[in-house]
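J.: Sequence:
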Amino acid sequence: QFTDRVALHVVKNFLCDRHDALGVNTRVPLILGVWGAKGCGKTFNLELACKALNVYPIIMSAGELEDEWAGTPGRLIRSRYRKAADIIKNTGKMSCLIINDIDAGIGRFKQTQATVNTQMVMGTLMNLCDHPNR
Numbered sequence: 098q099f100t101d102r103v104a105l106h107v108v109k110n111f112l113c114d115r116h117d118a119l120g121v122n123t124r125v126p127l128i129l130g131v132w133g134a135k136g137c138g139k140t141f142n143l144e145l146a147c148k149a150l151n152v153y154p155i156i157m158s159a160g161e162l163e164d165e166w167a168g169t170p171g172r173l174i175r176s177r178y179r180k181a182a183d184i185i186k187n188t189g190k191m192s193c194l195i196i197n198d199i200d201a202g203i204g205r206f207k208q209t210q211a212t213v214n215t216q217m218v219m220g221t222l223m224n225l226c227d228h229p230n231r
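This note's numbering puts the sequence shown at residues 98 to 231.
Watch out, some of these pointers could steer you wrong.
In silico DSSO-like links for lysine-lysine, alpha-carbon gap of 30 Å or less [claimed, not checked]: (1) K139 <-> K180; (2) K139 <-> K190; (3) K148 <-> K109; (4) K148 <-> K180; (5) K180 <-> K135.
Hints are computed from structural coordinates only; laboratory data are not their basis.
This one's a predicted model, so the numbers in the text were calculated from it and none came from an experiment.
Generate coordinates for the entire structure from the input sequences, incorporating the hints supplied.
T.: Here it is, written out as structure tokens:
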């Protein structure tokens with residue numbers, strides 16, 4: 098069931114990018130959030146699903162989303178997203194960007210203050226969702 102949901106999400110994005118094969122002005126969510134308790138196997142199952150679906154994952158960790166220089170994590174996300182796009186373009190094989198434990202990298206705990214990088218990462222992800230082909 099998990100693999101089926103991942104497959105549906107990936108295929109809808111792949112088809113939507115292919116000249117709007119799903120219909121006129123179809124909007125497909127670009128980001129798939131996988132929620133679950135600690136240690137329940139979210140990352141493991143997602144990697145198994147990608148392997149079963151022959152999808153090449155570009156994997157990032159939330160630890161990469163913090164940097165002393167503002168804007169660096171946003172540039173890193175765009176770079177990894179472009180890498181996944183290049184794999185699709187050059188090989189025809191489906192690819193995706195996986196950011197593990199993103200809640201730890203951009204989330205807030207109680208009353209903590211958001212950093213500039215947190216804001217830049219959120220902005221970058223929103224921009225990718227709004228304009229995935231730019």
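J.: Which of the listed hints are broken here?
T.: none
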